[in-house]
Structures are given as structure tokens and as C-alpha cells.
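What follows is each chain in one-letter form.
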Amino acid sequence: MKSKTFSGRSLRSSLKGSTWILVLLLLGFMVAFPVAELMLIGNQTDEIHRMTFAMICSYLIVPGFLVTMLAAVVNALNEFWYLFSRDKIDFYHSLPVTRSRFFWEKAIRGLVLYLVPYVIMELITMAIAVSKGHGSHLITAAGKMFLEHLLMYLLLYFGAVLALAIAGNILAGILSLCCVYLYGPVLGILLWVLEMMYFRTNMGLKEGMAEKISVFLSPVSISVALRTYSGQKNFWIIIVGGILLLIVLAVCAYLAYTKRPAEKTGKSFVYGFLEPILLFMVVIPAALAIGTMFALIGPEENRTGWWIFGLVLGTVVFYGILQVIFAMDFRKMAAHKLQLMLLGICVAVSAWILHTDAIGYDTRIPTMAKTEGISLNLEWIGTESVNEPQMEVSSGSYKLDRLFYFMGGNYGRWTDAGMSDKIYEVLKEIASYQNSKECSGTEIGVQFKKKSGFDITRQYIVTAEQLGRLLEACYEQGTLKDNKYDILEKYRQKVSFITVDPLNELDDQYSVTLEKSDSQKLLDLLKQDIAEASPQELIGIPCGQMELYATSYADMDEHIAPESYAEVGRYIFPTFKRTLVFLKEKGYAFVMEKENLKQYDYSVTYNAEEMDVTDSEQKEELAQSLIRELECPAWLETEAGVSVKVALNSTESAGESLNGIEFAVLKAKEPEFIKKIVETGEEEE
Amino acid sequence: MIEIRNCSKAFGEIHAIDHVLMEIGERQIFGLVGTNGAGKSTLLRMAAGVIKPDEGEILVDQEPVYENEKIKQQIFYISDGGYFPQGYTAADLKDFYREYYPDFMTDRYSKLMDQFHLDEKRRISSYSKGMKKQLLVIMGISAGTKYLLCDETFDGLDPVMRQAVKSLFVSEIMNRDFTPVIASHNMRELEDVCDHVGFLHKGGILLSRELEDMKFHIHKIQCVLPDQTKEEALLKELDVLKKEHQGSLLILTARGTREEILQKVQTQNPIFCEVIPLTLEEIFISETEVAGYEVKNIFW
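Residue numbers (the numbering used here), protein chains in the order written: chain R, 1338 to 2022; chain X, 5 to 304.
It is possible that some hints are incorrect.
[Stated by the list, open to error] One side only, chain R facing chain X, incomplete, derived with CB under 7 Å:
{"no.": "1", "residue": "GLY1354"}
{"no.": "2", "residue": "PHE1421"}
{"no.": "3", "residue": "LYS1425"}
{"no.": "4", "residue": "ASP1427"}
{"no.": "5", "residue": "HIS1430"}
{"no.": "6", "residue": "SER1431"}
{"no.": "7", "residue": "THR1435"}
{"no.": "8", "residue": "GLU1600"}
{"no.": "9", "residue": "GLY1603"}
Keep in mind the hints are simulated off the structure, nothing from the lab.
Only a predicted model underlies this, so the values are computations on that prediction, with no experimental measurement involved.
Idealized CB from N, CA, C, for every residue including glycine.
Chain R extracted, bound-state conformation:
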């Protein structure tokens, strides 16, 4: 009997009525594979001419996934839709077959309906590739694509079967299918938004729990992740996660089907214990979302009130909706009041956790054992910025990624900084500083590169001293130094010109531009100086800043647009002897001439009060402590609230404020009279 049920004849007999699926999938895969392939390689550019079959497959996998998804849903519905009809259940379940075998019989039948058109169309695709000369690594690429799609199909199929097996009627079936497919991604997005709203250190990236929930908690998103994470370090985790999810879904679907009480057909969910679970799974996140929405749209002066109102409203409304769905009766809207109470408590606790960061989101960092290294975003700590054109492949050709500039270059440039005990200790201290009341300073981006490949990114506020210690630890470790300055070497050949500006020179006109050959010479010398520079020297007071321009480096790659350019800024420190000597030879000095200082007028502003400095000694002292406000690196501590304006030969009439360049006062070199001004001001406050 067993062998007979699984026999080809049995299969043929039971496939009656499913021919339309076969035809539908044949058409679907024909469009997804051979037609899409012909459209792709019909465009005879050089790029496409060089494509291997593996590259073609990378384009075909997406339409293939869409048809696979269609196949999984259609097959699951075709085989298990009967569960919503008592008459059909009586018909099928009275047959002399155990539910267990019925389940696998249906799964195999669905798989056959999927595989037959798939294999036929994939073979045609391979034949076309061979005929057009794109056939290298044919079998490997086709096999890989097949296995990926097969895993996707099984995930989506068993997910759909699980959804149908737990539901008792069509409405609940559709809802549970949406739940199985979309709960993970929706919850992940919600968590991501909540993290952005409630945790200050969040950088707006979907990472950590939000990312994992999004990827691993849904057969759809893990199928998509099989593509998006392809080639990444953590791809194997996605594969393992996909296989584990497949096992979980298959086992759950099997149990839900074989243990399904047939008499519960017509109710919303055939397993009563699922209802409270679903209630908590849906109501808590929904209430938090509604609460946050109300907090955002509510008036600023009573934001907390609106937030609480939204939380309560979200809890009650979603609780009511679900109770109505469960009971299929509007009168049951307020049934199970104990559950409502428990939900209220859970929502309140979750809201409190978000509000107070009870989970330590802002102050916790990944353990060192799990961290491979860190990357730093140093874009905001001074003017050492980097602008590079980013390339993207689109329709088989490279294009300048405009979005890169629009988005601020993927939230700025990240520089690998390695990891050491010292770096980790400083980061721990920085993280614990985040929720302290006195937390203020400069923002830096820190990306913890986890061994798992699922990185964690935070935006920390750091004091100048903490930043200095962090950079020192990173320079000591070495990775940051290598990565930060390697970019100069990258553009050495393509440099167009370099400009150098002094950071303590009082005259803003005083800058130098070096032509290509001098620029290259400067880069050679700079390289030597950087190699010899100690970590302490690299976090010292810079005396100048260079800006490298590598314009039009299109010849590096024929596909790069001609208007592409790169711009790299780097500080020059007083210990860069070779560099400074070279610049001096070019008529450029970083040391201010004392006799010139008297030619300038100085105006100190503190607490909106402006005062002129007239004493020549004070002028000299002050001039030594100045650094241009805008270019001042954040690791240098400056006197907060004190701003100095400097202008050559005051031309303003008495009583008018000085119109000059703005400087900050370095605390390390702060003149006594400035200290007194600040102290007096503080005492008065």
C-alpha cells in the first residue's frame, strides 16, 4: 500500500486537477529564466560579452525567486486549502492514509509540480548560455542557483503550510500566512524604528536584534537574505539559519497538520493555545508603535501624555481586533480581561525599558571575544574628510553612485581601527559615559565588527580627552594609522594638486597650492613622517591641513564617469619635519613671526560679551594659544564659550565688532587672562 501510494501512477492520478499549476509555473519559469536571459544577453555590450553563466545566474535568481515564491504559495494553497472545509476534510481524512503520510505525499506532489518546470527551463537557459558562449562553470553555477531556489521554495512552502494548518477558516488562514511571512520583517523594522526613536547612540542602521529578527524570523526575508548576503562573511550563518528555519517550519507544519483537530474547522485558529501567544506577539509591538506615533505627532509640551495615550489606545484597539478575529464575534471584543491586563503590564514594561534604556542599549558594547575589530567614523571630529566617488553596477555597466553623496557617503567614511585591550577599555568607558548627566562633547561613529558578520554601529558622544585616548590606543594598535593614511598612497599617482593651510596662521589668505610633481614629492615625505610619527604626535596640535585633489581619474577604469573626483584632507603636525622643511622651501612657514603679531587686532568673546585685547604681551600669549575654530580637531580641548576674532590692522571704527577669522583657544596653551575671564564669568553665573 505504501509503495503504491507513492507510485508514479498514484502521483499521476493525484496530479489531476493540478495541471494548471504546472502550466502556470512553466510560463513563470520561462519568463524568469530563458526570456530574462535572452533579454540580458541580447544587449551586446562588452561587459555582457564577458559574462560567465554564474554572472547570468546572479541576474536570474531574483525573477526565479519570485516564481519560486508563487510556486510555494500556490502549491501550499492547492494542497491544504481543503482544511477550511468540513466536507473536504471528511473526504480526505476518511481515506485509509495516515495524516503523516498524507502530509509528505502532498509535499512531494508540490515539489514535483515545482521541480518539473524549473528543471526544464533551467536546462533551456543553460543551452542558450552555451550557444551564446557564456557557458563557463555551467554546472556549478546552475547547481548553486538550483539549490538556492530549492531552499527558498521549501522555506516558503512549509511556512505557508504551517500558516494554513493552524488556521480554521479562510480569514484566519490569510492572516496567519501574512503573519508567518511578514511578522519577522515587520517586527524588525518596528524594532529598528523604536531603536532610532528611543536610543541616542543608534545610527539609523538596521542592526543587531532588529536585523536578526528581520532576516531569520521569516521564510521570505531569509530567502531574500540568501541573495543580499551572498558573498559576505556571514553568508554561511544565513545558510545555516535558513536550514534551521526550514527544519523548524517543516516540523511545526508537520505537527500542526497531523495533530490538527478536524472538528475545529470553522474557528479562527484550531489550536486554542496559539491565540494568547498571537495576542502578545501582535499587541505589544503594535501598542509601542502607536504610542511612539502619538508621541511624535503630539504637541511638544505634552509629549509624554500623548505617548501614554497612544500606548493605551494601541493596546486596547489591537486587543479588541484580535479578540473579534479569534471568536469571529464582535460581542467578544472585551473577552478575557485578564489577558488585557497582562498585555497592559507587558506594554508598560516594554515602554519603560525603551524610555529608560533598561537593557543598556546605549551603554553596552559587544564582548571583546565576539568582536573582531572596530571601524571609526572620524568625519565629525575635524576636517580630515574624504570624498571618493562610489561605483555601482547597474544594468551591466558601472555608474557613479549619486545616492552615495546624497546620503553623506554611507554615513561617512568608516576606517578600520583594529582591536586591542586598550581600545576596548576606552570604548567601554565611552559607552558607559553615554547615559551620564554630564554627557557632552563630539560625536563619533563606532562600528563593532563582530566575528559573526553582524556588525553593531553606535554614535557616541565623547569628550576631547576620551577621543584622544581612543585615537591614541588605535594608533598604538596600528590598523587605524595604516588605513587612515593609505588613502594618500592610493591617490599618489592620480593627484592633481594639493593645498596646504596653516591652522594657527592669523591671515586667512595664507595658503599654498602645490602642483602635481610637488604634490607627489610632498606625499613621499609625508609618508615617511607618518611612518615615524608616534601615537601621541598624531593626536597632538596640528599646525596645518593639507587637501589632496585627484581630479578626473577616469582612466583608472573605463566605466568611471569623467567628472569623478576624490578629495582627501589630512592634518599636518609640527613633528612632520620633512614635510615642513619641504613646505618651507616652497616659501611656506607654519611658525608665526612674533613681530607680526602686533599687526593684528584681537577680540575675545565670552558669554556674548566682546572685549578687545590691546596688551602686546597678552596678544602674543593669545596668538600662541589659537587654533582655527572650524578646523580644530575634536581631540583637542578648547575653552568652551570663548571665541577669538582676529583681523589684520583694525579698520573698524570704535564700538563696531571686529570682522575677522574666528579662532578657538586651546586649553593646553590658554593664557592666564583668558582663564580669569572664564572664572569670573562662571562665578557671576
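For chain R, the structure is supplied; the task is to place chain X on it using the hints.
Okay, now just chain X, sitting in the frame of chain R:
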């Protein structure tokens, strides 16, 4: 033999089947009758292995039926709804059942299809309600199973077809090990078909007996007695299920054989006396009235 051992099944707060204890013997036509919602379909669905009892067990030939492939090969269940897969012809359905019932008799199927004038190449969806019922009976008989469970199958069959099906059942019983179980609330349909009848009421079994035996042991008495004391004495003598007066005519429904009842009535010197056998419907009404299921209890 189908043994229903202390079976219970509840749907939420409704006890569809409540500790039913019953046996269905072999090679007889068993009629399962009951009031609306008495649990006939639930009992058959449990016997067919579609649903599982909450309590107790159902044994078919000494083996539990639920999830038992071997035993279910001996049971063919015709449900009340009578579902057919989309687009199937009778021939498709035959092929379908052949895969599941190893003893399926293709020759018998062809012969019966001819006898009932059913076109096996026509889509079942184009059949009339009665034709669909006939087809299901043909499939049930051709499946070669030992037990055929029919839920309201005779509903929709004309008297001629009903008689034809009855003859079919009888001939099957004569020729092989075959036991049809027919659930219905239509007593008239069952009366001329069944050998044995089980009364189901409010989830419990009221009575299960051979139909002839049942009719042998319950009678209607119409008599006129000389005075009230005689009537009271007669009522004490008899196992009365129902009592009614039409002027001086006393109408009683009582348990007992015709002879026993006549003897007891004669002792009261009746002016007029007549003992009439009951129809199945009357027996059912009497028994259910005893169990509190009366028209007056429903409306008043």
C-alpha cells in the same frame, strides 16, 4: 464488528457525544437514528477516523480506527456533504479510490455504473444531487470495504432508488462480509432498509436493537375501560411510555409483546381493546419523549 466504547466528544461546551456505548454487528444494515444535533454525524466521523474521541475508543475488528491505515482500508465513509474533487469525472474518482482501497472492485464498479445509468465520463459537478448520492454508494460498494458508513445518504434518493440501494446492500451482505451503517433522521427511509437500529439522543444512545425485535417489544394500545379504577390498575400493570385520552378512548404506548400486553388489558375487562404495532417513527418519538424530547417541551 464496530465497538463504540464509552466514547465522548465535545465541541467547546457542547457535548456532541456523551459516553456512548454501542456495538454494530457484522453483516446487517445498521440504522443510526437521532434527533437533530444528536451526534449521529459526529459518531460516524469518529467511526471513520476523521475525528478523534475525547474519551473512550472506537474499535473496528478489535483495533482502534483513528490513524490506522489497515483498519481504515475496511471502512468507506460517505459524508453528509458529499465532496468531490474539482473537475473529477466518475472515472477519475474511481482511479483515485483505487489508489487508496486495495480491494477496489473495478468490474463491480463498471457493472453498477451501468445498472444505475451513470455516465463515468461526465463531470461529477454536472450530476444531480441524487446521482451524486448514487455514485457515492457505488464507490462505497466497489471499494470492497467491510464497513460502509453513510451519513444521510438516502436523503435525496427517490423511493425506487432507495429500494435499489437496499437491494444492493442486501445482495452485498449475502455475497461478502459487508456491514452498512446508515445515519438518518428520516425514520421512514430507514424503516424498510435497516435490520438493526440505534437511537441517539443528546449525544447518548437511547436504544439499540433489531428493528423487528424493537417493533415486537413496543406497541400501541387503544382501549375503552369500564371505569377509572380499571384504568389506574392497567397503567400500573403496563410499562407505559405514553398515555393519551380521546374521549373515553384510552391510547397507550407501552413496552411488551403483543401477547403480554393483550393479557394484561384483558384482565381489566375492557369494553373495547386493540393492540397495534408501532412504526419506527412512532417508536422513536415515544422513546425520545421518555427522554424529555417532546414537541411541547420544545415550544412551551
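Quick check on GLY1603 of chain R please, does its C-beta sit within 7 Å of some C-beta on chain X? 10 Å, violated
Would the hint on SER1431 of chain R stand, with a C-beta cut-off of 7 Å toward chain X? 4 Å, holds
Does the nearest C-beta of chain X fall within a distance shorter than 7 Å of the C-beta of GLY1354 of chain R? For GLY1354 of chain R, the interface hint holds, since the closest Cβ of chain X sits about 5 Å away, which is under 7 Å.
Could you check if PHE1421 of chain R really has its C-beta closer than 7 Å to a C-beta on chain X? Cβ of PHE1421 of chain R sits 12 Å from chain X, so the hint is violated.
Holds or violated: GLU1600 of chain R as interface residue toward chain X, Cβ cutoff 7 Å? 5 Å, holds
When the nearest CB of chain X is found for THR1435 of chain R, is that gap smaller than 7 Å? Since chain X brings a Cβ to about 5 Å from THR1435 of chain R, closer than 7 Å, the hint holds.
Would you check whether HIS1430 of chain R satisfies its interface hint, that is, whether its CB is within less than 7 Å of any CB in chain X? Holds - the Cβ of HIS1430 of chain R comes within 7 Å of chain X, reaching about 5 Å at its closest.
For the hint on ASP1427 of chain R, just tell me whether its beta-carbon gets within less than 7 Å of chain X. Given a least distance of 4 Å, the restraint on ASP1427 of chain R holds.
Taking the closest Cβ pair, is LYS1425 of chain R under 7 Å from chain X? 5 Å, holds
In the structure shown, a violation is registered for the earlier hints numbered 2, 9, in ascending order.
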